[in-house]
Amino acid sequence: MESLFSKYSSKLKWLNVVYFITCVLGLVYFGSKIVFAGDPSGTVDYGADGSIERLGYSINFTWTLVAAFLVFSMQAGFAMLGGFLQAKNMLGYMAHCFADGTIGAVVFWILGFALMFGGSGSAPGLESGNLFIGYSGFFLASGSYDVQTIMLWLFQMVFCTKAVTIIAGSVAERMKFAPYLIYSFIVCGIIYPIYGHWMWGGGWLSTLPFGAGCVDFAGSAVVHTIGGMLALVGAYVLGPRKNKYNPDGTSNAIPGHNLTLVVVGTLILAFGWFGFNAGSTLGATDLRISVVATNTFLAAAAGATGVIFMSYIIFGFTDIGLACNGALAGLVAITAPCAYVAPWAAIAIGVIAGAVMWGTVIFVETKLKIDDPLGAVAVHGANGIWGMIALGIFADGTYGGVSGLITGSGGQLLAQFIGVVAAIAWAIGMGALMFYVLKVTIGLRVSELIEYEGVDVHLHGSPCYPAQAELTSQLGSVVEEEVTQREMAILEESLARDASREKIYSEKLGRWIYAKLKKEK
Amino acid sequence: MKKIEAIIRPEKFDIIKDALTEQGYGGMSVSEMKGHGNQKGVSEVWRGKRYRVDLLPKIKLEIVVSDDAVDKVVQTIINESQTGSIGDGKIFVYEIANVYRIRTGEQGDAAI
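Chains Z and H, in that order, are what the protein sequence lines are. Residue numbering for the first sequence is 1 to 521, as defined by my numbering. Residue numbering for the second sequence is 1 to 112, as defined by my numbering.
Keep in mind the hints are simulated off the structure, nothing from the lab. Quantities reported herein were computed from a predicted structural model and do not represent experimental measurements. Keep in mind that the hints are not guaranteed to be accurate.
[To be verified] Subject to a maximum C-alpha distance of 25 Å in a straight line, what follows is the list of computed DSS-like cross-link-like pairs (lysine-lysine):
1. K244(Z) x K17(H)
2. K242(Z) x K369(Z)
3. K12(H) x K244(Z)
4. K72(H) x K60(H)
5. K49(H) x K13(Z)
6. K503(Z) x K17(H)
7. K49(H) x K88(Z)
8. K72(H) x K508(Z)
9. K508(Z) x K12(H)
10. K244(Z) x K439(Z)
11. K12(H) x K503(Z)
12. K2(H) x K12(H)
13. K242(Z) x K12(H)
14. K17(H) x K88(Z)
15. K17(H) x K242(Z)
16. K503(Z) x K72(H)
17. K34(H) x K88(Z)
18. K88(Z) x K60(H)
19. K88(Z) x K12(H)
20. K508(Z) x K17(H)
[What the hints assert, rightly or not] Covered stretches of chain Z (chain H as the covering partner; in silico rule of three or more C-beta atoms under 8 Å from a C-beta of chain H):
21. 466 to 473
22. 505 to 513
Quick reminder that beta carbons are idealized off the backbone N, C-alpha and C, glycines included.
Sequences are here, hints too, so could you generate the full structure?
Here it is in C-alpha cells:
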C-alpha cells in the first residue's frame with residue numbers, strides 16, 4: 001500500500017492543486033447565493049445605540065472575545081511542552097500542534113460547529129438539530145452569519161483546536177504527518193463536535209433527569225477526557241518508541257531536551273486557562289467569573305504544590321517536570337467544576353488531581369505498557385474524568401442549581417458518571433476505529449530509520465535547531481548528484497543489520513544492551 | 001600503552017560503548033564533533049530553499065589501553081560499527097609516553 005502511494009505521489013501533488021481550486025471556486029459560487037438572515041453588523045437585534053441593553057451585550061462580547069484570544073495563546077504553551085521530547089523530534093511535534101490550530105479551525109468552520117451547536121438555540125441560526133447531532137450553522141452561512149453566533153464560533157473553535165492538540169503529545173516522535181492531518185480532520189469535524197453536542201449543544205447528556213443533567217462547565221469531559229482517551233488509543237495503536245521498553249517489560253527513561261520550554265509552556269498554558277474557564281460564562285455580566293478564575297488558579301497551584309512536596313519525599317529531589325504536569329493536572333480537573341465549587345474545594349480537587357496524574361503516569365507506563373511521551377493520558381484523560389466526578393461531589397449549590405454530594409444529593413454525581421462513561425466509550429470506540437483504519441490503509445508509523453534520525457529532517461526537511469550557517473553551503477556551488485540525498489539505502493541496510501542484534505541483559509552493566517548474535521562455530 | 005582514537009557514526013556509539021564496557025574497557029573520553037572525509041554532506045530545506053550541510057555530526061572516542069589490548073579494542077570497534085559504506089569513520093592509534101592518575105599519583109599501566 002505504501003509503495004503504491006509513493007509511486008503516484010507526484011501525480012497526487014497535482015491532483016491536490018486541482019482539488020483546492022475546485023473547492024475555492026465552489027465556495028465562491030455557493031457563497032454568492034446565500035441570503036443573509038442573521039445580524040452580521042450587530043446593529044439590529046442587540047439594542048438601540050447607547051442603551052443599557054446594548055452596553056450589556058458589548059461587555060459580554062468583549063469578555064468572550066478576550067477569553068478566546070487567551071485560549072488561543074494556549075497553543076503556544078502546548079507547542080512549548082515539546083521540551084519533553086528529544087531535540088530531533090521537536091519540529092515534528094510543533095508541526096502537529098500548528099496543523100491542529102490551523103486546519104482544525106477550518107474544519108470546525110466547515111462542519112464541526114454545525115454538528116456541535118445545531119439545535120442548541122444558543123445563538124441565531126442554530127435552530128435545527130436533535131438530541132444526538134446538530135445540523136445547522138454550516139460554513140457560518142445564512143442565518144448563522146450573525147455577530148453573536150460568530151462570537152460563539154470563535155470561542156468554541158479555539159476549544160476544539162485545544163482538544164485535538166492533546167493527542168499530539170502522546171503520538172509524538174513516531175507518527176507520520178499525513179495520517180495526523182486526516183486524524184485532525186476527523187476529530188475536529190466529527191468526534192469532538194458530536195460529544196460536544198451531547199453536553200453543550202442541547203443533547204441527551206445535558207437533559208439527563210438526574211440532578212441538573214450532566215454538567216461540564218468548561219470542558220473537562222468535552223475537551224480533556226475526549227482528547228486524553230483518543231491519546232490513549234493513538235499511543236496504543238502506534239506502539240512504543242524504540243528503546244522505550246526492554247524485553248522483560250521494564251521501561252527506560254527517554255530524557256527530553258529543554259526543560260526551560262516546559263516550564264515557560266506550563267505558565268503560558270496556566271495563563272490561557274483563565275480564558276478557558278472564566279470565559280466559559282460567555283459573558284462578563286455573570287459576576288461569578290471572579291470565583292471561576294480564582295478556583296482555576298487555586299487548583300493549578302494546589303496540584304503543583306502537592307507534586308513538589310511528594311516528589312521531594314519520594315525521590316529526595318523536587319522534580320519540576322513532574323510538578324509542571326501536576327499544575328496542568330489541577331487545571332484540567334478544575335475545568336468542569338470551576339464555577340460550581342467553593343475555593344476550598346478547588347484546593348482539594350487540585351491536590352487530588354496531582355496524585356491522580358502521578359498514579360496514571362505509573363499505571364500507563366508500567367501496567368498498560370503504552371508509551372505516552374508527554375503524559376497526555378495522565379494529565380488530560382485521567383484528570384478530565386476526575387474533574388467530572390469532582391463536580392458531582394463538591395458542587396455546593398450556589399450557582400446554576402448544581403448541588404453535589406456534599407449538599408446531600410447524589411443525583412448530580414450519577415449524571416456526571418453517565419457523562420464520563422459516555423465520553424470514554426465514544427472516544428475509545430471512535431478513536432480505535434479511526435486509528436486502525438488509518439493504520440491498515442496509509443500506515444501510522446514512520447520507518448525505523450526516520451525514527452532513529454528524527455522526524456524533523458525527514459518529514460520537514462530541516463532540524464529544529466539547524467547547523468551553523470558557516471558549516472553549510474549553497475547547493476549551487478556543487479554538483480547535485482554528488483551531494484545530497486541522505487544515504488537512505490545505506491543507513492537502512494545498516495539498521496536492518498542492527499535489527500538482527502539481540503537485546504540481552506548484561507549482568508556487568510546492570511542493564512539491557514544490544515549485542516551481536518554469537519557466531520556458531 | 002596506546003591511545004585509540006576512533007571517529008564513528010553517532011548512531012553506532014551506544015552499541016560500541018556497551019560492547020567495550022562489557023569487555024572491561026569502560027573508561028573513555030567522548031566528544032561530539034563535525035567533519036567529513038569521502039562522505040559528502042546532506043541537503044536540507046530552509047523555508048523553501050535547499051541548502052547543503054557539508055559537515056556531518058560524528059563522535060570521537062578516545063581510549064587509552066595497554067599494548068596487548070589494542071587489537072581487541074580496535075577489532076571490537078570495527079565489528080560493531082562497520083556498515084560497509086562511506087562515512088563509517090576511522091581509527092587512529094598513538095603511542096603514549098606515560099599515564100598518571102592524579103588521585104593517587106600512580107603511573108604506567110596501573111594508572112589506566
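Consistency of the hints with the structure:
The straight-line distance between the Cα atoms of K244(Z) and K17(H) is roughly 19 Å, inside the 25 Å bound, and the hint therefore holds. As the CA atoms of K242(Z) and K369(Z) are separated by approximately 13 Å, the hinted pair is consistent with the 25 Å bound. Restraint check for K12(H) and K244(Z): satisfied, since their Cα atoms lie roughly 18 Å apart, inside the 25 Å limit. Among the hinted pairs, K72(H) with K60(H) is consistent with the structure: their alpha-carbon atoms are about 18 Å apart, no more than 25 Å.
For the hint pairing K49(H) with K13(Z), the CA-to-CA distance comes to about 19 Å; that is within 25 Å, so the pair holds. Distance restraint check for K503(Z) and K17(H): the Cα-Cα separation of roughly 15 Å lies within the 25 Å cut-off, and the hinted pair is therefore satisfied. Using a Cα cut-off of 25 Å, the hinted pair K49(H) and K88(Z) holds, with the two alpha carbons roughly 20 Å apart. The straight-line distance between the Cα atoms of K72(H) and K508(Z) is roughly 19 Å, inside the 25 Å bound, and the hint therefore holds.
This hinted pair checks out: K508(Z) and K12(H) have alpha carbons roughly 20 Å apart, not beyond 25 Å. Using a Cα cut-off of 25 Å, the hinted pair K244(Z) and K439(Z) holds, with the two alpha carbons roughly 21 Å apart. Restraint check for K12(H) and K503(Z): satisfied, since their Cα atoms lie roughly 15 Å apart, inside the 25 Å limit. Straight-line distance between C-alpha atoms of K2(H) and K12(H) comes to about 23 Å, which keeps the hinted pair within the 25 Å bound.
Of the pairs offered as hints, the one joining K242(Z) and K12(H) holds, with about 15 Å between alpha carbons and a cut-off of 25 Å not exceeded. Annotation: proposed proximity of K17(H) to K88(Z) holds, straight-line Cα distance about 21 Å (limit 25 Å). Of the supplied pair hints, the one linking K17(H) and K242(Z) holds, its CA atoms being roughly 19 Å apart against a limit of 25 Å. For the hint pairing K503(Z) with K72(H), the CA-to-CA distance comes to about 22 Å; that is within 25 Å, so the pair holds.
Restraint check: the Cα-Cα separation between K34(H) and K88(Z) comes to about 17 Å, which is no more than 25 Å; the hinted pair holds. Simply put, K88(Z) and K60(H) have alpha-carbon atoms about 20 Å apart, close enough for the 25 Å limit, and the pair holds. Proximity of K88(Z) to K12(H) is assessed by CA-CA distance (about 17 Å); at most 25 Å being required, the pair is judged to hold. A hinted pair counts as satisfied when its Cα atoms are at most 25 Å apart, and K508(Z) with K17(H) qualifies at roughly 13 Å.
Counting residues of the region 466 to 473 of chain Z whose beta carbon lies closer than 8 Å to any beta carbon of chain H gives 5, which reaches the threshold of three, so the coverage claim holds. For the region 505 to 513 of chain Z, the stated coverage by chain H is satisfied: 4 residues place a CB nearer than 8 Å to a CB of that chain, which reaches the threshold of 3.
In this structure, none of the earlier numbered hints is contradicted; all agree with it.
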